[in-house]
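There are 8 protein chains.
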Amino acid sequence: MQSVLFDHEREARIGLPEAIFCEGKEPHVLTALLETCARDEAKPTLFTRLAPEFFVGVPEAVRAAYDYHELSRVAFTGCMPRKEKGSVAIVSAGTADGRVTWEAARTLEYLGIEAHVYEDNGVAGLWRLMSNFEKIAVAEVIIVVAGLDAALASVVGGLIGKPLFAVPTSVGYGVAAGGNSALSSMLASCASGIGVLNIDNGYGAACAAARVINLLNKVAE
Amino acid sequence: MQSVLFDHEREARIGLPEAIFCEGKEPHVLTALLETCARDEAKPTLFTRLAPEFFVGVPEAVRAAYDYHELSRVAFTGCMPRKEKGSVAIVSAGTADGRVTWEAARTLEYLGIEAHVYEDNGVAGLWRLMSNFEKIAVAEVIIVVAGLDAALASVVGGLIGKPLFAVPTSVGYGVAAGGNSALSSMLASCASGIGVLNIDNGYGAACAAARVINLLNKVAE
Amino acid sequence: MQSVLFDHEREARIGLPEAIFCEGKEPHVLTALLETCARDEAKPTLFTRLAPEFFVGVPEAVRAAYDYHELSRVAFTGCMPRKEKGSVAIVSAGTADGRVTWEAARTLEYLGIEAHVYEDNGVAGLWRLMSNFEKIAVAEVIIVVAGLDAALASVVGGLIGKPLFAVPTSVGYGVAAGGNSALSSMLASCASGIGVLNIDNGYGAACAAARVINLLNKVAE
Amino acid sequence: MQSVLFDHEREARIGLPEAIFCEGKEPHVLTALLETCARDEAKPTLFTRLAPEFFVGVPEAVRAAYDYHELSRVAFTGCMPRKEKGSVAIVSAGTADGRVTWEAARTLEYLGIEAHVYEDNGVAGLWRLMSNFEKIAVAEVIIVVAGLDAALASVVGGLIGKPLFAVPTSVGYGVAAGGNSALSSMLASCASGIGVLNIDNGYGAACAAARVINLLNKVAE
Amino acid sequence: MQSVLFDHEREARIGLPEAIFCEGKEPHVLTALLETCARDEAKPTLFTRLAPEFFVGVPEAVRAAYDYHELSRVAFTGCMPRKEKGSVAIVSAGTADGRVTWEAARTLEYLGIEAHVYEDNGVAGLWRLMSNFEKIAVAEVIIVVAGLDAALASVVGGLIGKPLFAVPTSVGYGVAAGGNSALSSMLASCASGIGVLNIDNGYGAACAAARVINLLNKVAE
Amino acid sequence: MQSVLFDHEREARIGLPEAIFCEGKEPHVLTALLETCARDEAKPTLFTRLAPEFFVGVPEAVRAAYDYHELSRVAFTGCMPRKEKGSVAIVSAGTADGRVTWEAARTLEYLGIEAHVYEDNGVAGLWRLMSNFEKIAVAEVIIVVAGLDAALASVVGGLIGKPLFAVPTSVGYGVAAGGNSALSSMLASCASGIGVLNIDNGYGAACAAARVINLLNKVAE
Amino acid sequence: MQSVLFDHEREARIGLPEAIFCEGKEPHVLTALLETCARDEAKPTLFTRLAPEFFVGVPEAVRAAYDYHELSRVAFTGCMPRKEKGSVAIVSAGTADGRVTWEAARTLEYLGIEAHVYEDNGVAGLWRLMSNFEKIAVAEVIIVVAGLDAALASVVGGLIGKPLFAVPTSVGYGVAAGGNSALSSMLASCASGIGVLNIDNGYGAACAAARVINLLNKVAE
Amino acid sequence: MQSVLFDHEREARIGLPEAIFCEGKEPHVLTALLETCARDEAKPTLFTRLAPEFFVGVPEAVRAAYDYHELSRVAFTGCMPRKEKGSVAIVSAGTADGRVTWEAARTLEYLGIEAHVYEDNGVAGLWRLMSNFEKIAVAEVIIVVAGLDAALASVVGGLIGKPLFAVPTSVGYGVAAGGNSALSSMLASCASGIGVLNIDNGYGAACAAARVINLLNKVAE
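In order, the protein sequences belong to chains A, B, C, D, E, F, G and H. Read in order, the letters of the first sequence are residues 1 to 221 in the numbering used here. Read in order, the letters of the second sequence are residues 222 to 442 in the numbering used here. Read in order, the letters of the third sequence are residues 443 to 663 in the numbering used here. Read in order, the letters of the fourth sequence are residues 664 to 884 in the numbering used here. Read in order, the letters of the fifth sequence are residues 885 to 1105 in the numbering used here. Read in order, the letters of the sixth sequence are residues 1106 to 1326 in the numbering used here. Read in order, the letters of the seventh sequence are residues 1327 to 1547 in the numbering used here. Read in order, the letters of the eighth sequence are residues 1548 to 1768 in the numbering used here.
Just chain A, with the same shape it has in the complex (with noise of 0.2 Å):
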């Protein structure tokens, strides 16, 4: 049976990353992954949720093996293949969505696929959404990252007809604090087809754009 699922799982593997988690996890757990990966820079391994006043205390020869990028937290230590068809649009609200959008912007680095980020959309000035519109809907993929109502997910969803992934964000306070508002707005939108991620997974909204991109790559073959 094992060699039955593995194959699938192999398969799995060339599309989306192995990727590890670290909130949570113990300090010296987390050192002792860092380290190991670093050794073996021929497989690429991601590091999300990377702290970094967790990583700045890491020893200097470990740190130097990992591209790390503090805004989003995430770190790698090679990159995959670059895929040759398909771009992603990440498109943002406001600017306290940053770590988000770049957790999904530096995860799809990491898995070879070219990403824009288009940041401050939010609808309340609309404008800002129209001066980028003509480049973000010339990408295969979008995905939007958006808080509070969230309303920039059922906008773009209404203009574009592409392959669409929303992650709402924990930024607010009062009924938005948590993310709560803008998920369920996300989950409710009046915009039809729109596939919607947990709260702040930034990285799961870029594994999704992957599975499209890749099928893309894979059908081109």
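Honestly, the hints are just simulated from the structure, not real lab data. A portion of the hints provided could be inaccurate.
No more than 20 Å apart at the CA atoms, straight line, and that leaves these computed lysine to aspartate or glutamate pairs for EDC-like [said to hold, decoys possible]:
no.: 1; chain 1: B; residue 1: Lys439; chain 2: D; residue 2: Glu747
no.: 2; chain 1: B; residue 1: Lys246; chain 2: B; residue 2: Glu291
no.: 3; chain 1: H; residue 1: Lys1765; chain 2: G; residue 2: Glu1460
With chain A held as given, fit chains B, C, D, E, F, G and H onto it using these hints.
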């Protein structure tokens, strides 16, 4: 003490309606109220949430005294004096919001306030809002009625600086059922200064608008 | 501005359906819509959540114009042109998820997209999924429909790297009632890159799949 | 299209502030924003939720450019032109609501709108409200700030017919923690026509009031 | 052990009723209980939540043994001995709270405790409470019954120092539906020392008041 | 009007404390309040939720004026006159409920009411309650303090007919975290006539008990 | 792979039932299932949540093949072989929990496991539990069924060290409605080692007990 | 009465531990408890949730008396006598569940029960579970520890018929934060007869397993 309070109350009563909320009232109590108010047409009264199934069973003579509107479930015996200044634009996302939209419209009619209804402006088709935009923007007060993601409130709130009241509706299923997704979306709106009403409270939105229109008329005296 | 938006909208319309959500619509409004669309068979229209109890009372002549499916409550007057590339596997946990499963299947049929349904794959009997596995894995897009613990989404998501959309269903009682246990389970899935839809939103899952299939066909042009 | 939108936006901008919400922004981003805005004093800017712990560490020269108020955590470089007509009464239940109360007051000051603060009017001691009553009732717009049971909003709303906006606060513990008891109490108020803001959103209440005051001034022109 | 417990139980039984909660009981079980208790009139029994639709179908002979009150849905075969000391004021916000208000009143009647009902004291019209105030304040125990914002509990609790029990009602829609807004408002009341009962639990409020009145009578012995 | 209200208020003040809730108050405001009240020892004042970390930093001279109790975080400058009649039994489930248990006890001490504390009576070891039972049952009023399942309230409420107030505590983790499991358990208690307070509100329970004890003393006059 | 899984499954099937959950199944599907299983009496099948209103309409010949129990809504065509060792005590708080209590009892009967039901042991009258105590304590496994505060689970769990499964019921109103107060109370129980089932899941509790009884019998072989 | 209860309690005590839950206990109380129990090594005691930060500050001499395990935060002075029969398999989804997994393992060690831990069996990689499967299936009782979607519980429950207890963990973010997604997933599991514990309650799962193992040993006597 009562005289002081009474004075203020009387002042308030000039603008805000004596309304009877019919839902949950015992049938015989409701019939008695309808009969009493029908006799005293000089003093107009507003009935909200008056179910068609019930109203159709009220004696013909009593029913004849009322201006009843089935979709909104609003009845009144007469209207308050027409306000000279100010009008209200009621903007809804879809026809499914009709009950609440027209409860607001009918309440404003009863209050003697000019109101115009613009339905079916959901942001999944942004051009529908745009084609109504100039007429909406000219009103003194805006009421937005929307369920699901309630993104319409944020889009309108970002485009127009007039006093704006938003009513979430209980339209929808799953996370939208009962109206909580729309409510939290409106409260967390990225557009500033939107006053939110309880779910399905079209009557309350009309009263909130009336507080502003009444002020305009008083100041103009 | 409108022309720009209109162009994009038209582009979107090529792929995504004009659908009429029937739940909560006033009966006379619904009947009028069914009559109008029946007359204009050249332009196919989709009706979702159209209750059998209601449809049976629609005039025979109107009903005859529709392809109606009772379990899914979906009706349409005709289908959109068949897409050349891509198929969708719809995998459900149990027969109790049938309404949602078939709403997705029927919507895909209307959209001209090949779809295959695999029911009764709940993980409490893992061998059922395994016996369907090779047929499922060959599709370009996977839709998982499940209620209760929704564990099926995670198991499928861990085995197959294709674009995957998950629909929680409101099947069940106690903590499962209304579908929130399935929804949160899917959003928190330990498998990466799953796009989640609102509870019971089979129509939305079909649209999400269509966004991918349409992209495949456009790229292949 | 942009020019049309831009016009409306500019119109809105006359009345509503360009505000920078500081909570959750990266420290170096925030410092850069403070420095930029300090240089261009001609264009007043509003910073909300600017923590004293952070502000004290900003370079002296930058700090000097700002009018900062510790309790409200509001800073601005200058104010907008004084409105000729209209004043706002801000009525709070207790001193524990001070942060929100003064955020509203400071935002109105920035917007050039006359505002008066009346604190400590909790209904558990009704005579305190009564002793302030005549001064409150004379204002054109009322803002009520309250946590816990938020009963103050209903009492004021029942006594005064002016436009009224209510802000729930997150003050309290147990069921009151986070402000949800106050929020639902205000939304369900037995007084009609109260526009409710998000929890702790003093800034939003000021904007809602400004929408009314700006209308008054425009009508009077 | 049992005898010890039995003694205390008997002591308790002197004051608190043997009540049968009828909601959810199988019809044939309920009919049997009504028949049994009707035969033994010497031992008074209380039935709560006894639906009029059901009671009307009970055999005439059985029904005749009961003092039944439709609005409160309370029936009893006889009352407990009249307490010499103490009375209870039951103060409600609106007539829509009638079911709960009268469940409390009827339970107190059964328990032999003097009770007076004051309806329609909602704080949106504060003068109504004030006109009843002196009569209310003279009672030994106060019960406040209110839905929506439940502000009445706080206002009464701030004016009167007597033992006060508050019952939230499920009256209302939107955030008020089911009674949670009223419940949290009462628990978070800014007035101190209010004992809160479950939503719609008029029977429980009467029992809580009875615990105090019984104590008063025992102490006076 | 004010004089009328003032009279009732004064009457209330005789029994219920002027209490200052310290949590969330700005440090300099709190220090000023402590200094003011320290000077006027003739008028006793109660401070609740006064954190030890803060109190230790208050000037020695001011601290000396207070009777401070660290676990309960309650301080007062003096007590109210001793009530002649009545005592209160405070029964808690575990030592982890100590903060709330002793907040109630200390508030009663301040109010001049005799109180006895019985800790560690959780129903998982029923014999512990039984060994304290006779002493508890003799008190005029019972306060039950419990977290988790709060089963203690129901067991005590079923054994003793005296006025009973129940305080849920926020002790625990998982579903018990924050106290909601205990709160709903107490509100839904199968024992009748229990008045429930907000989570962790030991002060409120003492006030509720004081309302009863004060009534007893007044009636006895 | 399938053979491996199949083996384990077959092993499991020896102990746990093939059950058909009837709620939400389409009527014609349900009738077909009942007919099929009626024909094959050699292979006993269990139907749960089979509504009396539906069952009465099933053809007489089919109905005759079933042992149907109205209160529990459980039907089966025959029972599994009697287990030699072990019995289960099902202890409920009130008769209103009857549906769930008897669903557990009937499922155990079908599974060939000895079970005894003890109803009406609510802790508000502790002596009722005590009079059944010795008979309950002698069983190998205990199932506690309770709604409202579910205090019974904690009391039994504190007195008896046998495997104990607790089923919350949806009995009650207000905060108890739907069973969440009972569920959280059982999960947070101060007695250790209680396994909790979903709300109203009497069938599941029987299966949990069967897992233990089957183990006992296997070990004894 | 006490002697009866005491007997049963003593019987229970044989199997279930005297455990001290350390979280939330005052430091000086905790230190005193550790000192007392260290002196009396003859009577083993279990401390759970004993923070490493705290334990490191306990006097060396006291610490030396304890077997302390940092990850699980469990300490004990000695173990209970080894049970002759039965072993427990503790199966976890990921290393992030380590705290809870090892709290269960350590509690079983203290209770004298053989236990084996199998970590990292998340269903996103089904082959990991399969490679451990035969060793797991041989145990008498299974404990599943999982966060997020908790799908592991359903998969194991569908494959193995032994008594199974499931512990949701608070691992995760967004909808998974706090453990509610895992909790509801386990309660709604499509596998039958799983007893669910409170979130993060590894100790409780060990006690539930011990109730079964103790029964096995008693029956075997």
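What are the numbers of the hints the structure violates, in ascending order? No hint contradicted; all consistent.
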